[in-house]
Each structure stands twice: as C-alpha cells, then as structure tokens.
Amino acid sequence: MLTLAACGGVTFADEPDTFTTMGFTAGDALSAVRMELATAALDPLDVQVNQGAFDEQQFLSSVAADDPPDAVRMDRALIGGYAARGALVPLTDCLDDQGVDPADYRAGAIDEATLDGTVFGLPDSYDTRLLLVDQDVLAEAGDGRREVDTSDWDGLARLADDLHTRDGGLLTRIGFDPKIPEFFPLWVEANGGSLISDDGRTARLDSPEVVEALEYTVGLIDAQGGWGRFKSLRDSFDQFGAENQIAQGQIGAYPMEDWYINVLAGASPDVPLGTEPFLGRDGRPINFVSGASWAIPKGSAHPDEACEFITTMTAAESWIEAATAKAGEIRDAGSPYIGDFTGNVEADRVIREEIWEPTGSAAFDEASLLIDAVQDASFSVPANGAGTEFRRAWQSAVNQVLSGDKEPREALEEAQDRAQTALDLAYQGER
Amino acid sequence: MTTHPIAPAAPPDRRARARRWLASWRHRDTRAAYLFILPWLVGFALLTAGPMIASLVLSFTDYDGIGPTHNVGLDNYRQLFDDPSVATSLLNTLVFTALRVPLSMALALALAMLLLRVGRASGFFRTVFYLPVMTPSVAVGILFLLLFNGNAGVVNKALGLIGVTGPSWTTDSSWVKPGLVLTTLWAVGATVVIYLAALKTVPRELYEASELDGAGRWASFVHVTVPQISGALFFTLIVNTIASLQTFTEAYTAFYGTGNTQTYSSDAALFYVVYLFQQAFQFMHMGYASALSWLLFLVILVITVLQARLSKRFVHYEYEGDPR
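For the protein sequence lines, the chains are Z and L, in the order given.
Counting from 10, one number per residue, gives the positions in the first sequence under the working numbering.
Counting from 4, one number per residue, gives the positions in the second sequence under the working numbering.
Extracted from the complex, chain Z is given alone in its bound form (with noise of 0.2 Å):
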C-alpha cells in the first residue's frame, strides 16, 4: 500500500492540524470566497488545498494507503463507484448534525450522488444544458425559420442538413451538433428512455429508445460529412476566445453547458447568440445536469470537520456572498454578469432575484432568465455503483459507433453486457 500512495504521490493527512482537500481549485471569486468561508469555519486548523482536478489514481491509491485527503471534490457520475465500495462517508449524520435537509439542494444534484437512499455528497457545481444558435447562421436556413425545434426529429435533420457547408474535403461549418459522445443521455431522454434504471441497478443501454436515439444522432453527423471531419472542425474551434464557434460562424446551433454563456459574455459580448430549451420529443423542454459534488472520503482525519466544511462551502449564505463578488469583479471589468447556477436552490433564488441584474444584452439576458426556466425539467443519470465503468460502456458504445467501427444495436448490445455486468459486480461487492 506504500508503494501505491508513492505512486500518487502526494499525501494528505500527516499532520493532525492540517485539513486537506483534493479536486478543488479557486479560481473565481465564487470559488475563492467561499474557500475563504470555508476555512475560516475550521480555524485553527490549517486548510491546505491541493489545487487541481480530482485524480482517480490519487484518490485511490491515497484512500488504499489510509492516508485519503479530508474532503474531496469529484464528478458526480464517479460518487456511486466510490460509495459502493465503501470508500466515501455517508452524509446522513453530518447532514443531521448540521441542520442542513437535502432539499436546500436541486434534485437532480441531489439524485446523481445519492445511491441506495443515502446522499454521499453535495454540490459544489451545477451544469445546466440548453440550446445555442448562431441567429446568423440560422437565418441562412432555406425555409426561413427563426427557432431551432429539437422535438421534430425530422426537422432538425433536415435543417443540420441545410446549415452545414464544405469545401472540397473540408467541412467548414457545422449545421447542428448533437455533442454526442457526452450529451448522450440528453437525446435518450429527449426519445423518452434512459440509460439505467432509477435505482442504479439495471442497465438499458440495449433498449429501443437507446438505439434509437443512437442511429439518430450519429446520422445527423454522417449527413454532415461524418465523424472524422466533424470532429476536426470541432476541435479546432477556438472555444474560449473572440474568435469562437459562434462568433465566426463556424456552428449553427448545439446543445451546451450554461456556463459556456459566461465565457461567451467575456470573450465576445456581440455575438449572434440564441437560446433555446432543448426539447423532447413530447415538445417539452428537458434539461440534462451533472456537475461535482464534496464528498467525505472513508478514512478521513478529520470527518466532523469535513462536515463543517462541505456544509460551508454548499450553503446558501456562502454562495450568495461569493457571487456578489463574482458579479462585482466582472462589472468591474465591463463585461455582463449572466448570473450563477449553484446547485442550491436559495442560493439561486437570490442570485436571481438579488444580485444579476439585466445586462442590456438581449442575448444574454434572455440566456440567463432561460437557464432558470428549465430547472424545473431538470433531469441527471442516477448514481450506480458501478460508476466509471458504467459510463465509459455506454460512451465507448458511441465512440463506436461514430468511428464507424460497429453498428449502433451491436455496441450497445456488447455495452449493455458490460455495464451489466460491472453493475451486478458493484453491488455483490465481488468480482
């Protein structure tokens, strides 16, 4: 167990004052001031944050070695595997002890970290998804829409169809991205299926809502050229600067995290941005969320602590005082403050009510007070025990098929086996 805490090469908790984090880096002032929040809630102790993303192999080797960091920050989609095998704390007492009630939290972030009825972590981040259109672009389409209609199927093929341009072997502009690998669940939901059952345990990669949505979305990208040039167009997009997708014209419209807003507000505050609600089939909006959560992992030094200290860090009272300090530094900067989507519903309640104000942007005004609307068609992937493995099934079955390497029913079916199976091993606790 040495050797492997060597080979993550960073320990945590050696010294008895010292209160350690792992996944966490302030970067804003919205992360920044509630850090500060945070750790003025456990002086005298020392907090030291071991800034960067969270890693697997850190995390693991350090919770083998009994030396895991205090608090740790991690993707929501990751907390099943870990709070199935034991490694993360139950949030029952903490919770009990700090007077904090699970519904002070968007459901959804509450969903995707509760596994078996227990919660095992809080969120620390919330990523709505909704539709971005390039009006520009959109007003090229031959039949002279103004809306981009996610529930007509048919509609939507036909205007990535007409959207998209290519030169000679190049494809020069995207007509409509489904930004599938990882949307994926987004168009399951959309075709009225999921990937796994509600209570994590039974896989549904091989149902017919799946397939479907799978041979739809990968032809819309084959209309448009295939994968290959798909994926270089996209990856060559200058995704956080002036020059971006949109502001050159380079996409017509695509599914998108919120927060991408905030970039767009900086980097290029006249862009032609739209948005939209992303539909369903029925016609009604659904809205696809992840995120990270804080999670206490087992073996902690300094667990009541830890509590305190994610408790902290998610309340409404620190949120609210972190993005009044966001919205401060950004106007001061000149640029407009969309808002901020916390994850705790007071917290958004006042940042809404209290602290955005209207920028003066259309665009942007109407992205921000949308991004609101669709909460309540909030939706995520229940939390599974089988974690990674069961997301990297159903991603590699996409990759799959995108590549032109399988058919879509073949790699489902072959993934629908494996996450089965690492599902049922998850929760045997056996392999």
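Calculated from the structure, these hints are not laboratory results.
Glycine included, every Cβ here is placed at the ideal spot set by N, Cα and C.
Fair warning: there could be bad hints in the mix.
Chain L regions said to be covered by chain Z (calculated; three or more residues, Cβ under 8 Å) [what the hints assert, rightly or not]:
1. 67–79
2. 126–136
3. 146–154
4. 164–175
5. 269–275
As a list, the in silico DMTMM-like pairs of lysine to aspartate or glutamate whose alpha-carbon atoms are at most 25 Å apart [as the list claims (entries may be wrong)]:
6. LYS160/L <-> GLU252/Z
7. LYS415/Z <-> ASP86/L
8. LYS160/L <-> ASP231/Z
9. LYS415/Z <-> GLU191/Z
10. LYS307/Z <-> ASP75/Z
11. LYS188/Z <-> ASP385/Z
12. LYS160/L <-> ASP247/Z
13. LYS415/Z <-> ASP85/L
14. LYS160/L <-> ASP176/Z
15. LYS307/Z <-> ASP64/Z
16. LYS188/Z <-> GLU224/Z
Following the hints, put chain L in place on chain Z, whose structure we already have.
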C-alpha cells in the same frame, strides 16, 4: 546399518565458479563494487521486486483498492480470455510496436549517420535531436491533437500543399495508431546518441578495405556498418520494443485523459497499459489489473527471449570469447 541419501553432486565447473565468487569477496574492489550497487539493489527490492510479488498475490484476489480481498483463484486469469478488450488492446499495442520500433530505429540511424558527417556542428545537432526527449509525454499527447487535427493541423496543411488530402488522424480508427507513431518518432534522440557512439567505434580501415574491394556505399553500409553496430542495434531493439509495449502517456493524454478527450476515445487507441490503468484505477478492479500486468510481463518476456535468440544469428560482438 543405515544408508544415507547421497545428494547429487553439482557439476565441477559450477562448484568452481561458486568458489571463485566466494573468493572474490576477499578483494577490496569486489566489496566496493557491491557497495556501489547496493542502493540499486535496495531500490529494486523495495520498488520493483516487492510490488511485483504483491501484484502476483493480488492477481488471485478480487481486491478493489479499498475493501478487503477475497481469494478468487484463477478467475482473473480465466477472465483475460473472455474479455474482448484484452485482445483489442493487445492487438493495438502489437501493431503500434510493429510500426514504431522499425521506424524509430531507421530514422535514428539515418540521423546518426548524418550527424557523423557534420563535423564540428555535431555537438549542436546532437543536442537539438536530444531535446525532444526532455519534452514531457503529456505535452506530446496534446501536441498530437493539435498537429494532426484533420481540419487545422499542421500535418494536413503541409500535405495539402502537395495536393494530398490528409486523413482524420485523430478520429479515423485506421489512422489513430500511425498518427501516434509519427508523434512519438520525434523523440528518437536517445537512440540517435547511442547509434552515433556506436558508429564512431567502427574502424576506418574496414571502410577502406571494403572500398578497395570495390564495395559501394550501400554495400559498405550493409556489410560493414550494420554488423559493426549490431550490438547497439540489438540493444535499442530490445529497449524500444519493451517501451512500445508499455506505451501509455501519449495515448492516454490524447484520448483518455481528463476533460473532453476522455469522452472521444474509440478503441483504436486503447493500448494495453491504458486498459490496465482503467481497470486498476478507474474501474477499481485491482486484482484483475494485476493479472493483466502479469500477462503483459509474459508477452514482453516471450518477445524479448525470441529477439535474444535471433540476435545470436545477427549480432556481431567484438569479443566472442569468455568476457572474463
């Protein structure tokens, strides 16, 4: 009367060798030599032999890195044959190795021969060729995505200048491995340095003699240069083969790392160690991953033994007698 079992006598030469070895300890130089290699021996025992033994034990368990272990006998090894990803990743790795090793050796030899002719500037170019070796492999993985982008990558732009439409290196399953091979080729500097040192030891007289015999440049290269540096060629063949069979960082960074790359990975870049890493640290099947690592050890062992056998026919050593 009792009879005593008689132990089979050790062959005389083995006993004599053992006596010589024991006697060598009386010499101060011998003791000093062992003292010098002691840190390595301790490091090997703690950081290599120890983990190897631990992984062998774990390969017979269901250890997940967190909970208690249970003995599962040979289940993990049986599963190796039922798991399609094992065959896929092994095949990917062998194809990568078969492409990379000869190409890297040929390129390194060509560069070393060029360096031999540049005279005083040799030191400068040697440094230039070696610099990429110092580049972190993670950066090389990211560079791969940038240089080989089908739309905006430098490689396809260059191909476009000569009228060739480049492939989708990063997404087309047929081109992912050749692309990665080309990316890793830029770090042939270490092999270049070894070849350059070997080339400098080839006696000039042999070239003069071959010239007198009417041999052209190609004939001199084949019949003088290659046999004379065959020891270095064999060494780099072994080392590069093992390194290629263990390739991980570039492919993992480009296709399986954090962020967007991890969602766009088809099985074309699923190399064996990448799959092993996934099983150990992402899927938390440490017992199964240990079995995977021992299979890789066996594959490397077999390939290395085969190469060593073949080397007896092709490798020329200056001193063929007893090296003592």
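Hint check results:
Taking a C-beta to C-beta cut-off of 8 Å, the region 67–79 of chain L contributes 8 residues in contact with chain Z, enough for the three needed, and the coverage statement holds. With 0 residues having a Cβ less than 8 Å from any Cβ of chain Z, the region 126–136 of chain L misses the three-residue criterion, and the hint is violated. For the region 146–154 of chain L, the proposed coverage by chain Z is satisfied: 4 residues have a C-beta within less than 8 Å of a C-beta in that chain, meeting the threshold of three. For the region 164–175 of chain L, the stated coverage by chain Z holds: 6 residues have a C-beta nearer than 8 Å to a C-beta of that chain, and at least 3 were required.
With 3 residues having a beta carbon nearer than 8 Å to a beta carbon of chain Z, the region 269–275 of chain L meets the requirement of three or more and the stated coverage holds. Using a Cα cut-off of 25 Å, the hinted pair LYS160/L and GLU252/Z holds, with the two alpha carbons roughly 20 Å apart. Between LYS415/Z and ASP86/L, the direct Cα distance comes to roughly 17 Å. Compliance with the 25 Å bound is thereby established for this hinted pair. For the hint linking LYS160/L to ASP231/Z, the alpha-carbon distance of about 24 Å falls within 25 Å, and the restraint holds.
For the hint pairing LYS415/Z with GLU191/Z, the CA-to-CA distance comes to about 18 Å; that is within 25 Å, so the pair holds. In summary, the hint linking LYS307/Z to ASP75/Z is supported, as the alpha carbons are separated by about 8 Å, within the 25 Å threshold. Between the alpha carbons of LYS188/Z and ASP385/Z the distance comes to roughly 23 Å, so the proposed pair stays at or under 25 Å and holds. Between LYS160/L and ASP247/Z, the direct Cα distance comes to roughly 18 Å. Compliance with the 25 Å bound is thereby established for this hinted pair.
Pair hint LYS415/Z plus ASP85/L holds up; C-alpha atoms about 19 Å apart against a cutoff of 25 Å. Restraint check for LYS160/L and ASP176/Z: the C-alpha separation of about 14 Å stays at or below 25 Å, so the hint holds. The suggested pairing of LYS307/Z with ASP64/Z holds, with an alpha-carbon distance near 16 Å, which does not exceed 25 Å. Proximity of LYS188/Z to GLU224/Z is assessed by CA-CA distance (about 14 Å); at most 25 Å being required, the pair is judged to hold.
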